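Chemist: Here is what each chain is made of, one letter per residue.
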Amino acid sequence: MEKVITIKKGYNIKLNGVAEKITSSLDLPNLIAIKPHDFPMLIPKLSVEVGQEILAGHPLFYDKNNPLIRLPSPVSGEVVEIVRGEKRRILEIRILPDKIPKYISFPSPNLKEAARESIIDLLLESGCWSYIRQRPYCFIANPTDIPKAIFVSCFDTAPLAPDLGYIIEQERANFQLGIEVLDKLSNGHLHISIHDSTKEKISESDFQEFSHHKIHHFRGPHPAGNVGIQIHHIAPIQKGEVVWYIHPQDVIIIGRLFSEGRYRAHRTVALTGSGVIHPHYVRVMTGQKLSTILEHQLHEGHYRIIQGNILTGKRSSSDDFLSFYENQLTIVPEGNEPQFLGWLLPGLHKLSLSRTFLSWLTPDRSYNLNTNTNGEERAFVMTGQYDKVLPMNIYPVHLLKAILAKDIERMEDLGIYEVSEEDFALCEFVCTSKIDVQRIIKEGLDYIRSEG
Amino acid sequence: MKIAQNLIQSVKPHFEKGGRFEKFHPAFDALETFLFVPAHTTASGVHIRDAIDLKRTMFTVIIALVPTLLFGMWNVGYQHHLAYGVQVSMMDNFLFGFWKVLPIIVVSYTVGLGVEFIFAIIRNHQVSEGYLVTGLLIPLTMPVTIPLWMVALAAIFCTVLGKEIFGGTGMNFMNPALLARAFLFFAFPAYMSGDIWTDLSSENGHSLVDAYSGATNLVTFDTDFTKVGTVSDMFWGFEQGSIGETSAFACLIGAFILIVTGIGSWQIIVSCFVGALVMGLVLNGLAPVDIPTHPMHTPAYYHWLMGGFAFGAVYMATDPVSAAHTEVGKWIYGLLIGMFTVILRVFNPAYPEGVMLSILLMNVFAPLIDHIVIEQHIKNRKKRA
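Note that the protein sequences, when read in sequence, are chains D and H.
Quick note: the first sequence, position 424, residue 424 per my numbering, numbers continuous.
Quick note: the second sequence, position 328, residue 328 per my numbering, numbers continuous.
By construction, these hints were calculated from the structure, which means they are not laboratory data.
Any given hint might turn out to be false.
[What the hints assert, rightly or not] In silico BS3-like cross-links for lysine-lysine, where the CA-CA straight-line distance does not exceed 25 Å:
#1 35/D <-> 45/D
#2 199/D <-> 214/D
#3 9/D <-> 379/H
#4 379/H <-> 406/D
#5 8/D <-> 382/H
#6 442/D <-> 401/D
#7 379/H <-> 401/D
#8 12/H <-> 442/D
#9 9/D <-> 434/D
#10 239/D <-> 379/H
Treat the numbers as computed from the prediction; the structure is a model and nothing was measured.
Hey, can you work out the whole structure from these sequences and the hints?
Modeler: What follows is the structure, encoded as structure tokens:
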């Protein structure tokens, strides 16, 4: 066994609304949509037209810059609408699914003998390639790159995150097959990380059949589960290098492709947060309309629907469709009520990493937080706050300042290639001055990509 | 509070864009957000935020300053009555000091906040909370005999030249309160040094006792260190000095609050104390053997207790804006403050309060310290490749 990597810096935000380990399956909805916006940097070119009948696995659109990257339809049925926004930008491709799904059938190669190239070809043809993403920049990997390593993080430490052990357990065989596929792609540099919290459901014994990959055992609070933190500690990215990563749920989808010869895009999504009456897991289709998932599930009141976790997720509404990579929905109350002398109160029910509120005396309490900013944006005053929640050998504030100054050389020196927005989410959460840390990091990455 | 909210909502339109008092929006906004944490919700990035904000941060520092303030008020009365040889109750000592100190605090806040509001209105930015702490630090670092016009001058100087010309709270590179004190110290030396530390307003039927001397320990020790007050008096603060600085004990309580809440950097506080001790010990080792009363012989830990060292290390050096920003940098910054304080005290009798000057000096050097730390960090990152 590899030695344990202990993450000391970080914080687990304990919220009400953890999903109970029960999975309910939803019927196939009567409308599905795939949103090109889910894929950063991708410029969509349509492969279908309105009225066309397609099978599940048929490409809906491809990337203008790399036509090999194709995004498949999760269902069979009729393309009913292409929703466009400003400048005719494609927002959604809506499909009316058949009651009984019909699939394109793909060949199932023998993994032991198949060459790396033929596996890549199958992944590209089926569209499953789009599940493999790269660092830096977090977009779909370029199939012609040779990655430094491939990472699969088998645990999620974000607030209210789904228990990935529980999800993997449901389709262990497909997961193992998917790992075997990645093993072939990685040229012997596949890294799988596991955590104390998922130890019972997923352990080294699950991977014994394969020889090349390495299992890493992590311990410690969020953001230990972020693949960026794991890459930083195991195979840090230098300028010019890329590392691929893929979510375990997407590994399962690739496993299905190789075992069944078809693209079956069901996923298990955790329905979480204090706005949910009974938080649990639901088995849904990629692109499913959120209202069909949330029907009869929410409390009365003014709530915010978030696709993803509460730190990095995207604000959404029940009219929206489930995003391509999403594994979690979080519903929390909006905090749009002013609070009389709120900064002066003892604060037994206010969560703060500083110990300026009395709540620090009850560390095990879990909170019912709302979306209030708890104060206004100010100039940067407090120091050392970000460092306490960023388990990387990086000076966060200096990196942010380099980004604001648009100093590319300095950004590179300070480690911009190793980070992504999600790794800085906790920094943003703790910030006294309420600075938009993730937005700045994203601007930095976008800038360096466009200039570099 | 519902009434207050309704009142605010009813007058709010006048201060919004296009309203009659649009210009005064920053002032109105400051008042409104003081009463109510605004109903702003997260727009991008994280959907929830830590409960702390700058108001809470500054409020915590004020809580940490309360022990020094209360003790300082009592000590003003105590020193006054001691000078006249009058025995009065603890409460009387406190009340005497309370009425002497209160006007200084009121002037400091009124003038300082006034300047802040004017700047906020002219430059159309929000009123920042920084002055809540600065406004209390200024009185605490003054002698009780300070004329009120000088307090007002200090408050103006500190807000304008210490902060606003750089862009306001968070942009300044020197501690504003200390800058104000240094300004008064060099501009009006007669009011800031010498026989000014005790309020000697006349006491009916009493005259000054013979043993009274206006010299603080910092002045005394430069000629003969054995003549300074007892260790216990210096620790508890039964000595003359600026209003808030005398009691090392009260500062320790403040340090405890700052460190527990995580608002003050424990690295800076500890390293300041360590720096002073180390330099004190070094000087002990180098002290001339033939002059046993030479200040270099002063026991090293006396420097912790004399004058405003504890106050400076706990409340002034820890100002996050003007201190070093990196962790390693904070250690270096604190150590150097401690060392320079002792050097200034021992070798430069003209400036007895070395801690003020050494903190200001290190404020200037803090960016350089951080620069060196970051360059080293970048070198190490490259080596990892």
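Chemist: Has the given pair, residue 9/D with residue 379/H, been kept, meaning a C-alpha gap of at most 25 Å?
Modeler: Roughly 23 Å between the alpha carbons, so the hint for residue 9/D and residue 379/H holds.
Chemist: Between the alpha carbons of residue 379/H and residue 406/D, is the straight-line distance 25 Å or under?
Modeler: Status holds; Cα separation ~21 Å.
Chemist: With the threshold set at 25 Å, check whether the alpha-carbon distance from residue 442/D to residue 401/D stays at or below it.
Modeler: OK: residue 442/D and residue 401/D at ~13 Å, within 25 Å.
Chemist: Would the pair residue 379/H and residue 401/D pass a check requiring their Cα atoms to be no farther apart than 25 Å?
Modeler: 19 Å, holds
Chemist: Is the straight-line distance between the alpha-carbon of residue 239/D and that of residue 379/H 25 Å or less?
Modeler: 15 Å, holds
Chemist: Compare the distance between the alpha carbons of residue 8/D and residue 382/H with 25 Å, and conclude whether the hinted pair is satisfied.
Modeler: Roughly 24 Å separates the two Cα atoms, so the pair holds.
Chemist: Regarding the pair residue 199/D and residue 214/D, is the alpha-carbon distance no greater than 25 Å?
Modeler: 16 Å, holds
Chemist: Holds or violated: residue 35/D and residue 45/D, Cα atoms, limit 25 Å.
Modeler: 12 Å, holds
Chemist: Holds or violated: residue 9/D and residue 434/D, Cα atoms, limit 25 Å.
Modeler: 20 Å, holds
Chemist: Can the restraint linking residue 12/H and residue 442/D be considered satisfied, given a maximum Cα separation of 25 Å?
Modeler: 36 Å, violated
The structure shown violates just one earlier hint, number 8.
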